[in-house]
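Participant: Keeping the supplied structure of chain B fixed, place chain A upon it in accordance with the hints.
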Amino acid sequence: MPQKFKIFLMNLKLQRTKILIITAVLALVMLAIWGMMSLESFYRNITLAQMPLQLIMVALNALIFVYMYMNLFKSSWGSSKKARVKTEQVNVKWSDVIGLDGAKTEAWEVVQLIKDRAKVKQIGGKIIKGLLMLGPPGCGKTYLAKAIATEAGIPFLSMAASEFVEMFVGVGASRVRQLFKKAQDLADGYGGCIVFIDELDAIGRNRTFSQFGGQETNSTQNQLLVQIDGLQEKEANVIVIGATNAPEDSLDPAMLRPGRFDRKLYIDKPNLDEREKTFEYYFSKVKYDKASIDIKRLARKAVYKTPADIENIVKESALIAARDNKEAVEFRHVSEAIERIDMGLKHRRNLVPKEKEQTAWHEAGHVVVLYLLHPTEDVFKASIIGRREALGVVHHSPREEWFTRSKESLLADIKTSLAGYVTEKIKFGTTSTGVESDFRNAMGIAHSMVWKWGMNSVGMVGDYTIYGTTGGRSSIDVFQLSESVKEKLNSDTQNILQKCLKDVEDLMKKEWKITEHIALELLKKEELEYDEIDAIFKDYGKLQTQA
Amino acid sequence: MRIGRLWLVIACICLSIALSGCAPTYPKENFKEHVVRLCKKEYKLDVKVETIGKTIAIYVPLTNLLDFAFTLTQDAGEKINNVILSVSRVALSSDSNYEFYCVIAHDVKIPEIQIVIIKSVDDVKRYMLGDISRGEYSKRMLIDMKVSPQAQKERSIREAFERMSVDRKWQEGVMQDFFRSDPTTLGDIGYWGGRFYIKDVSMPEFLAEEIASRVRFVFRDDKKLDEAAMLRSSKGSYVVSGDSDRSIKIEIAAESRNTGSFTSEELSDKIFASVLAVSYEVVHGYKFGDFDYLTITNLSDGRSSKVTKEDLEKYKPKKTKIEDVMVFDTF
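Sequence order for the protein chains is B and A. Sequence positions in the first sequence follow numbering that gives the first Met the number 0 and run 0 to 546. Sequence positions in the second sequence follow numbering that gives the first Met the number 0 and run 0 to 330.
Here chain B stands alone, though its shape is the one from the complex (with noise of 0.2 Å):
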């Protein structure tokens, strides 16, 4: 068959609705007018007399169902909105997407199996029905299934998983029916379409099987596989991309099995290199100071961030500079900008000059132990002023990615939630309740050294928070456990929080001129950059300690 006439088979199929609704609509007015002649003329006048009063009442009757429908029980329609986008529209090229070189090659491959989808066939290979995208949230997925339905140029449907759940049982699996239907005729038309389901998990999840709800869900998802399974019986060039930021082990092991999603893309938080091409691609986009930005430091700076943080720090550092009345964005304007992100907006609260310069002592204490002791963590920003519930904060990046973390920066860590209560009780001789979130954080990172991580002084090896319910997944009964173990190891805890605490001390007390210093910077200026903290130690012969 010409393509023309393929093309016109399938704009008939997926106008089939309209048509048939056109159909009878005519046929229904037709009808009646014939019926309408059929009468006496003074009949045929009642009836028309009648007919505004009766169009009314239908409006009004409507009207109050789709109300009822839409606001009391929350509800939209059975049929879901345009899932179409043309792939034109998508507007994704490849090279739009930075970073990810890895899933980048993998997701290349997928690409060249929908365009050479013959080729394949011919020497016996599988063709891949189901490509899953996993990986944290803003890591630049959706913007990854965009650019292979561009550089496949085939239609690209895309869906929220949330938008196949409803009230009613059945709405969602006849959603998906829908969904699929509508890509089998695109296929069938333009060689090939992409089903793109966004944050899958919400109805990929483990099903459950309880009298009390998860029905929709269940069959939902079952009708997702169904349809799945059908592309393979159809032989249809229906590729099913779904993205979620869930872990793999939640999603229901029926979605994983081979022939449905069969293929896993990871895609993680970029790494360096990635970072500094998205930072560039970017600022590619807006005015920037190049003297005072350099992207290679705002790279290394924005360790764990993903494309859309990155993103985000960009546009907010635009907005910043666009506020301040200049016509390119400066470094203070991408710190800012950060910190608004991290941190929230600045919340500046009535301190009495007595609690404002325990704050102040009490993050510089801070500042002065991340500085000298913590081998992985820099100092971005030290602050007394206030933002969501804290009075100041002491806000730090990783130097570089780690993946694990060691015992020392561990006890760097701890060591730094415990430095301002240090600091409180030097200066003042007492303390305050602004070490709750310290001592919590502090407690939790010195429980799980010893609990699960082995790096304890007792000898103690391997995870005990498996007995019990902390961990979540526990089988094994906490009864187990005896107390003199439990004794041990919360020792052992307490052992670390006062070994800490009195490193801490000595160093305070070595250091004490430094902390002054910049407890006093802080009261005067209220917020330290980096730089200026940097250049205050550098001015007592002080250097970073290194990993």
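Some clues are possibly wrong.
[To be verified] Partial selection, computed: residues in chain B whose CB lies under 8 Å from chain A:
#1 LEU25
#2 SER40
#3 PHE41
#4 ILE45
[Claimed, not checked] Label-pair ranges, simulated between beta-carbon atoms:
#5 ASN60(B) / ARG36(A): 37 to 47 Å
#6 ALA22(A) / ILE21(B): 28 to 38 Å
#7 ASN60(B) / ALA68(A): 53 to 63 Å
#8 GLU254(A) / LEU38(B): 46 to 56 Å
#9 LYS53(A) / LEU38(B): 18 to 28 Å
#10 THR183(A) / ASN60(B): 53 to 63 Å
#11 LEU38(B) / LYS43(A): 16 to 26 Å
#12 ALA58(B) / LYS43(A): 17 to 27 Å
#13 VAL238(A) / ASN60(B): 54 to 64 Å
#14 LEU30(B) / LYS43(A): 24 to 34 Å
[What the hints assert, rightly or not] Quick partial rundown of chain A residues pointing at chain B, CB under 7 Å, derived from the structure:
#15 PRO23
#16 THR24
#17 SER92
No lab work stands behind these hints, which were simulated from the structure alone. Glycine included, every Cβ here is placed at the ideal spot set by N, Cα and C.
Facilitator: Showing chain A alone in chain B's frame:
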């Protein structure tokens, strides 16, 4: 855009077809033929139709019009109803401006006896639209079963001719020239000797007759009144005297049965009050204002009363005392 155009085309087609069907089903030019054809087609009845002014007359020849008890047979009643329905359909779905129609039915074996039904087209329309109830609709219909006035007249004349030994060949000519003329009252409407005797019914005389007809219903339905008095006759007419003196004249003949339930004065008042209430109902129901006063006369006791249009408008049945609106006189 394409879909929008398609809907526009559909709407245009529908509109043109719908508008083409807006013409009257029965154009006035062939009004009579339509009635005849409809009665023949739908009910296999051969009728004759005549029109005069704004009145249509339909003659329906029937067999077995009356039974041995001198009441209308069921078959004849159905046929008359069918004719009424047919003429109503044509009148309502026509661009003609007929206001009244008279259905004249008689038994071909006893042509002297006839039933005349007079209706207002507007009443039929209002009934069809649910503006008036079925009971009210039936009260607004004038039904008269009687010996044809023309037949009576011609019989009397012929008897006189016989007594005078007028040659038969002259009788028909004299009858035609001097005694066969169009009626002047609604009571004279009929069909005799292959000729319609009809007049153009006017709204005032129709209403006057309707009041008289309704008074008969009141005497039939009000048991106390019926037990106390006997209505011998009830007639209504619309009288125009001089240039501007227009009145509705109701003449009844109601006699006391002397049962003792009412004194003669009480009974007379009750009769007048009943007639007044009926008159108010009719005048108010038709929003009729083309009269100056109403006269009610009881021929049996010679009592008469005059009510002006303004007083009749103020009258509230069961609330207003009749002395407040009526001025009595005795002749």
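Participant: It remains to establish, for every hint, whether it holds in the given structure.
Facilitator: Consistency of the hints with the structure:
Hint status for LEU25(B) relative to chain A: holds, with the closest Cβ pair at about 6 Å, below 8 Å. A hinted interface residue such as SER40(B) counts as satisfied when its beta carbon comes closer than 8 Å to some beta carbon of chain A; here the least separation is about 4 Å, so the hint holds. Of the supplied interface hints, the one on PHE41(B) holds, with its beta-carbon coming within about 4 Å of a beta-carbon of chain A, less than 8 Å. Given hint, ILE45(B) at the interface with chain A, holds; its Cβ is 7 Å from that chain's nearest Cβ, closer than 8 Å.
Distance hint check: the CB atoms of ASN60(B) and ARG36(A) are about 43 Å apart, consistent with the given range 37 to 47 Å. Distance hint for ALA22(A) and ILE21(B): a CB-CB separation of about 29 Å, consistent with the stated range 28 to 38 Å. Judged by the Cβ atoms, the range 53 to 63 Å given for ASN60(B) and ALA68(A) holds: they are separated by roughly 55 Å. Against the hinted window of 46 to 56 Å, the Cβ-Cβ separation of GLU254(A) and LEU38(B) comes to about 53 Å, which satisfies the hint.
Evaluation of the 18 to 28 Å hint for LYS53(A) and LEU38(B) yields a pass: the beta carbon distance comes to about 26 Å. Distance hint for THR183(A) and ASN60(B): a CB-CB separation of about 58 Å, consistent with the stated range 53 to 63 Å. Our hint of 16 to 26 Å for LEU38(B) and LYS43(A) holds, since their Cβ atoms are close to 23 Å apart. For the pair ALA58(B) and LYS43(A), the beta carbons lie near 47 Å from each other, so the given range of 17 to 27 Å is not met.
One distance hint, 54 to 64 Å for the beta-carbon pair VAL238(A) and ASN60(B), holds here, with the actual separation near 56 Å. Taking the beta carbon of each, LEU30(B) and LYS43(A) are about 31 Å apart, inside 24 to 34 Å as hinted. Here the hint on PRO23(A) is kept, as its CB sits about 5 Å from the closest CB of chain B, short of 7 Å. For THR24(A), the suggested interface contact is upheld, since its CB lies about 4 Å from the closest CB of chain B, less than 7 Å.
A distance limit of 7 Å between C-beta atoms decides the matter here; for SER92(A) the minimum to chain B is near 4 Å, and the interface restraint holds.
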